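Quick mapping for you: the protein sequence lines, in order, are chains A and B.
Here the first sequence stands for residues 0 to 200, where the numbers follow numbering that gives the first Met the number 0.
Here the second sequence stands for residues 0 to 466, where the numbers follow numbering that gives the first Met the number 0.
Treat the hints loosely; a few may be bogus.
[Said to hold, decoys possible] Have a look at the derived ranges for each label pair, beta carbon to beta carbon: (1) 196(A) with 75(B): 48 to 58 angstroms; (2) 273(B) with 128(A): 50 to 60 angstroms; (3) 47(A) with 316(B): 54 to 64 angstroms; (4) 165(A) with 316(B): 56 to 66 angstroms; (5) 189(A) with 75(B): 48 to 58 angstroms; (6) 277(B) with 191(A): 50 to 60 angstroms; (7) 165(A) with 273(B): 23 to 33 angstroms; (8) 155(A) with 316(B): 36 to 46 angstroms; (9) 330(B) with 196(A): 18 to 28 angstroms; (10) 40(B) with 117(A): 32 to 42 angstroms; (11) 384(B) with 34(A): 41 to 51 angstroms.
[Stated by the list, open to error] Restricting the straight-line Cα-Cα distance to at most 16 angstroms, the calculated cross-link-like pairs of lysine to aspartate or glutamate (EDC-like) are: (12) 1(A) with 185(A); (13) 320(B) with 44(A); (14) 320(B) with 14(A); (15) 161(B) with 157(A); (16) 161(B) with 6(B); (17) 365(B) with 326(B); (18) 320(B) with 49(A); (19) 435(B) with 44(A); (20) 161(A) with 138(A); (21) 435(B) with 419(B); (22) 79(B) with 69(B); (23) 435(B) with 47(A); (24) 435(B) with 172(A); (25) 1(A) with 152(A); (26) 320(B) with 305(B); (27) 435(B) with 326(B).
No wet-lab data here; the hints were simulated from the structure.
As the structure is a computational prediction, the values presented were derived from the model and not from experiment.
Even for Gly, the Cβ is constructed at its ideal location relative to N, Cα and C.
Below, each chain spelled out in residue letters.
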Amino acid sequence: MKPFTTLTAVAVPFDLVNCDTDRIVPARFLRQPRSAGYQNFLFHDLREADRDFVLDRPAYRGARILVAAENFGCGSSREAAVWALAGAGLAAWIAPSFGDIFLENSFKNGIAALVLPATRVTALREQLAASPGAQVTIDLPAQTVRFPDGSLEPFDVDAFRKACLLEGVDEIDLTLKHEGAITAWEARRGAQMPWLARRPD
Amino acid sequence: MGRTLYDRIWDAHAVASGPGGRTLLAMDRHLVHEGSFHAFEALRASGRAVRRPDLTFAVPDHYVPTRARERDPITHPELKDKVDTLAANARRERIAIFPVGDVRQGIVHVVGPEQGITQPGLTLVCGDSHTATHGALGALAFGIGASEVAHVLATQALWQAKSRTMRVLVEGVLPEGVFAKDIILALIARIGAQGGTGTTLEYAGSAIRSLSIEGRMTVCNMSIEAGARAGLVAPDDATFGYLHGLPYAPREDEWEAALAHWRTLRSDDDAAFDAEVALEAGELEPMATWGTSPEHGAGITGVVPDPANEPDASRRESLGKALRYMDLAPGRRLEGIPIQRVFIGSCTNSRLEDLRAAARVVRGRKAVVPALVVPGSGLVKRAAEAEGLDRIFIEAGFDWRDAGCSMCVGMNGDLVEPGERCASTSNRNFEGRQGKGARTHLMSPAMAAAAAVTGTIADVRKLLDER
Ligand code: SF4
């Protein structure tokens with residue numbers, strides 16, 4: 000996975016509260032293989048219904064940061080939601096809160112999903128709406144976001160996720176370093192609960 | 000200070016500690032379905048194999064047709080491809096599968112408990128957000144994404160940060176016509192779609208204890224709709240009775256040892272939760288949703304709210320959008336809203352008890368709109384038929400189908416038409432969830448049955464009174 004350190008890019012404001020992953024990629028597209036390019040289905044039905052959909056406005060073209068509202072990515076666990084956003088060139092998202100599974104999926108794909116206080120995210124979306132095409136800088140090592148108006152907002156990020164992003168870690172490799180401990184745990188479990196690994200037929 | 004049930008299960012599965020306070024948590028159970036194809040591909044691309052095929056179970060559900068003549072063999076090429084891919088992956092990796100044509104096949108979250116694969120105190124994951132369902136038996140169960148599915152396939156473990164805990168205390172007795180579904184819809188309406196984000200919910204109190212295991216599954220199932228990845232109920236005699244004799248449960252000679260362990264699985268009286276919320280069962284009404292988030296719910300005597308009363312600008316705008324999508328005006332009473340379709344099914348409400356509750360309302364009446372009943376598994380279907388529920392539905396004009404996810408998400412082609420309003424026992428009323436332009440009203444099976452026979456969102460209590 001490509002490491003993530005700092006990013007300065009156009010940011011696009013997205014105002015919808017509780018934007019679920021069905022809206023990000025409608026279920027009927029999930030039967031497609033990943034090679035079909037999930038970005039082609041990104042916000043498919045919202046876009047179709049709204050000729051002036053924010054991501055399609057020329058000023059936000061090339062945006063790499065999405066600034067969303069509360070509970071972005073709630074609902075279904077479909078990782079396709081992350082692949083669609085990433086496939087469209089977005090590399091980071093900022094919101095007051097995210098769906099838990101979506102948040103996890105984001106980091107697993109090398110995406111910085113950052114939580115800032117609701118009032119600051121609202122202010123950021125307002126600045127981006129007032130000057131479309133304005134840039135935002137995310138500095139992961141320093142844990143700050145620079146707004147278009149120059150203000151600097153600190154953020155918290157789980158140390159594990161931060162390290163994985165900065166180094167582009169393969170988590171399975173990391174886990175397999177503990178294979179001895181897993182095997183020992185499994186042996187104990189197997190002795191205590193032999194029925195767990197047994198098939199009735 | 001005492002420990003919570005969540006702490007107990009967590010501690011028993013901690014294998015190693017990692018950077019940033021993460022814990023490597025061992026997984027007892029891993030359930031996969033057709034949607035897991037991405038993870039199998041990733042696993043193969045990395046040259047790895049499934050570490051514990053004996054702890055992994057496959058069930059096709061999302062893409063399975065529910066009409067007998069389209070099902071075995073599956074006639075639709077794309078659906079067939081998805082179902083066949085799961086079967087091929089299961090065969091290659093030597094994973095047990097409950098395939099189409101096997102009476103045990105059904106929705107993964109119905110099949111796991113029904114087979115005794117789900118047990119108290121286990122960790123269980125599945126690449127599906129409604130995995131919290133299994134928490135009803137006291138298992139720590141949560142949904143994961145495709146990368147995590149690949150990780151569990153390869154390692155049978157996951158790096159996890161401990162969540163916060165919230166106790167949901169429901170005391171009292173549910174009134175006639177009010178069910179498990181109403182408890183969870185009322186909770187979500189109360190705490191919001193993100194009220195449980197970052198937490199594990201533990202449902203407790205006399206009203207939860209009085210629920211059957213099936214009812215507890217309905218409650219735990221929608222934990223994710225409150226933002227929580229996992230929901231738990233401490234196991235009790237009802238749980239043990241449910242499990243006894245199931246195919247994957249401990250054998251007779253193992254039963255006492257299992258029971259002794261399971262009885263330790265509870266939160267201590269002095270355990271501290273990070274948050275607590277209480278509902279009074281006796282005050283609950285049958286619920287229905289009016290919007291496009293599960294938090295948009297109200298009692299049947301309630302009205303559609305006015306976005307103008309919402310102080311926050313983006314929430315106000317989002318509410319307005321929801322009402323435009325739903326084609327509902329502020330102040331509209333929920334009771335009497337005309338509906339055009341009914342769906343009884345999904346991992347929330349497709350078990351025998353749900354079908355019984357719906358049939359009780361339907362008996363001797365006629366559906367006035369197209370209505371679909373999709374049992375959660377072949378075994379549920381068989382049990383329902385053994386007590387004649389299929390006859391009640393069919394005589395009332397309902398479509399009686401085979402098991403699968405069906406119209407909950409429409410991936411198998413069972414779709415709500417654009418602009419149609421559907422009374423549904425499923426768990427998500429998101430825009431387009433049941434089909435492009437579909438308008439979903441979530442409710443209990445009894446309420447959905449009442450909607451089917453009246454053609455409107457109706458107060459099921461009145462129909463039960465007429466009996
Ligand atoms: S029934 Fe619906 S919510 Fe449940 S697993 Fe299937 S698609 Fe998901």
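| said: Hints numbered earlier in the text: which of these fail when held up against the supplied structure? | reply: The structure conflicts with hints 1, 2, 3, 4, 5, 6, 8, 9, 12, 17, 24, 25, although it agrees with all the remaining ones.
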